[in-house]
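> Listed below, chain by chain, are the residues.
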Amino acid sequence: MLSLYQVKKTYLGGSRALDTLDLSIGPGEIVGLFGENGAGKTTLMKCVLGLLRYSGVITLDEEPITPKNIARLSFATCEHSYFPALSAAAHRDFYRSMFPNFREKRFAALMEFFELPTRKAIRGFSTGQKNQFEVILALSQGADYILMDEPFAGNDIFNREDFYKVLLGILEPHETILLSTHLVEEVQHFIGRAVLLHKGKVVGDVTTSQLEDEGRTLMEYVKETYRYQADRVSRALDQLTQEEE
Amino acid sequence: MKPDLSRLYPLGWPWQRELRYTGLALGFAALYAFFRFVFPMQKAINQLYQLQGQKRVLIPGAVVPPFPTLYQGAAAGFVLVALCLILLPIFHYRWHYQGSRSIYLMRRLPRRWELGRRCLAGPALELVCTALCALAMLLLCFLWYWLFTPAGHLPEDVWAGIGGLLC
Chain A
687 MLSLYQVKKT YLGGSRALDT LDLSIGPGEI VGLFGENGAG KTTLMKCVLG
737 LLRYSGVITL DEEPITPKNI ARLSFATCEH SYFPALSAAA HRDFYRSMFP
787 NFREKRFAAL MEFFELPTRK AIRGFSTGQK NQFEVILALS QGADYILMDE
837 PFAGNDIFNR EDFYKVLLGI LEPHETILLS THLVEEVQHF IGRAVLLHKG
887 KVVGDVTTSQ LEDEGRTLME YVKETYRYQA DRVSRALDQL TQEEE
Chain W
8 MKPDLSRLYP LGWPWQRELR YTGLALGFAA LYAFFRFVFP MQKAINQLYQ
58 LQGQKRVLIP GAVVPPFPTL YQGAAAGFVL VALCLILLPI FHYRWHYQGS
108 RSIYLMRRLP RRWELGRRCL AGPALELVCT ALCALAMLLL CFLWYWLFTP
158 AGHLPEDVWA GIGGLLC
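Protein chains in written order, with the working numbering: chain A, 687 to 931; chain W, 8 to 174.
Everything labelled a hint here was simulated from the structure, so no lab data went into it. Each residue gets a CB set at the ideal place from its N, CA and C atoms; glycine is no exception. Be a bit skeptical, because a hint or two may be false.
[To be verified] Far from chain W, some chain A residues (derived; all Cβ distances over 10 Å):
hint	residue
1	Met-687
2	Ser-710
3	Val-743
4	Asp-747
5	Pro-753
6	Glu-790
7	Phe-799
8	Ala-839
9	Arg-846
10	Lys-885
11	Lys-887
12	Val-888
13	Gly-901
14	Thr-903
15	Val-908
16	Ala-922
[Unchecked claim] A few chain W residues facing chain A, derived, Cβ under 8 Å:
hint	residue
17	Leu-18
18	Gly-106
19	Leu-116
If we strip away everything but chain A, and leave its shape as in the complex, we get (with noise of 0.2 Å):
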């Protein structure tokens, strides 16, 4: 179980990342992370990986994170953190050295399924390449939770497609994956639980099965949660071609 208690980011000048922000998820869950721009999606995120300071507390399995168990969280990021000189195989022998539960047997099996070259430099791959690489290593790694920060930012549709299939097909049941995006119609077959967070607190926190039951798409749960409100492009419109008149 990983577990956020009381989590709160400031950042140097004074905004609030994350405020006062619990959040606790079970092996298994597969929970898509929403909220608009600056919401703290990846600031959750580089907080449970030890990569911004914060306070609060954040556990795994009643565990603080340290070096004895990061290994049982792996990120892709739509930044990448990747090497751009090193070729695949290269990742794949360092990352086998640093992480005794590596799945070679996956990583090889993804990096056959989407084509990608082994000994070609990361850097001379294609956008869309560049991000199936960043989620194949941290498929590959041997963790149990997955943090994925916006990982399909600039595949085409067919690509992100492919990858919520393979991932269904592959993910073993104490696999974990939190998946950051904006693409909320797209992840809502995926995706098991939605957590919405808005000026880094969590504003919905909700199970797919939960909204079937009630007969509502996620999108629309979502819009309800931020208030969308619905008719405001067809206002500013109106107000712009008045002010035109």
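Got chain A; can you put chain W on it based on the hints?
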């Protein structure tokens, strides 16, 4: 067989090029030290002689300056190389921000010191090599000083003023 030192450097860092440049810099530093020593040394030896007719004869009681006086400033090239090497870990660290944020991976490794090791180990090794080269050069020049100074014309304390060697 060439040793694989890649484990001492950041992943993907062109460490062979770094070693090549360091070697080149050490070569220039050694040449600088040698010539910076040899010219004053030659001058000091010439000053031990006087002309008697057409013959050069040694001046009785004349001595060459102590070795550190002649070697003064000769190690400046090595000092410069060492200063550059001290700054090198900054570039190694910055490497993890180029083209991606591989720093995220390095900072979440189970081996806590891996990032520090890969930033520091290479420059540390090169610093040791620099120190050894500087020492070897010092010994070579001292040997030159010892062998080429005519017998009986060395000062009483050949190491007098050793503190000024690096200045």
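> At 10 Å, judged by beta carbons, does Thr-903(A) keep clear of chain W as stated?
Check passes; 34 Å lies beyond 10 Å.
> When you look at the beta carbon of Ser-710(A), is every beta carbon of chain W farther off than 10 Å?
21 Å, holds
> Is it correct that the beta-carbon of Val-908(A) has no partner in chain W closer than or equal to 10 Å?
28 Å, holds
> Is it correct that the beta-carbon of Val-743(A) has no partner in chain W closer than or equal to 10 Å?
19 Å, holds
> Once the closest CB in chain W is found, is it more than 10 Å from Glu-790(A)?
18 Å, holds
> Checking a non-interface call: every C-beta of chain W should be farther than 10 Å from the C-beta of Arg-846(A). Is that right?
21 Å, holds
> Is it correct that the beta-carbon of Phe-799(A) has no partner in chain W closer than or equal to 10 Å?
Check passes; 23 Å lies beyond 10 Å.
> With d taken as the least Cβ-Cβ distance between Lys-885(A) and chain W, does d exceed 10 Å?
The claim stands: Lys-885(A) keeps its Cβ more than 10 Å from every Cβ of chain W (closest is about 25 Å).
> Against chain A, is Leu-116(W) within 8 Å by beta-carbon distance?
At 5 Å from the nearest chain A Cβ, Leu-116(W) passes the 8 Å test, so the hint holds.
> Test the statement that Val-888(A) is away from the interface with chain W: the closest C-beta pair must be farther apart than 10 Å.
24 Å, holds
> If we take the beta carbon of Asp-747(A), is the closest beta carbon in chain W still more than 10 Å away?
16 Å, holds
> Would you check whether the claim that Ala-922(A) is not at the interface survives, using Cβ distances to chain W and the 10 Å cut-off?
37 Å, holds
The structure fails hint 5 only (numbered hints given earlier).
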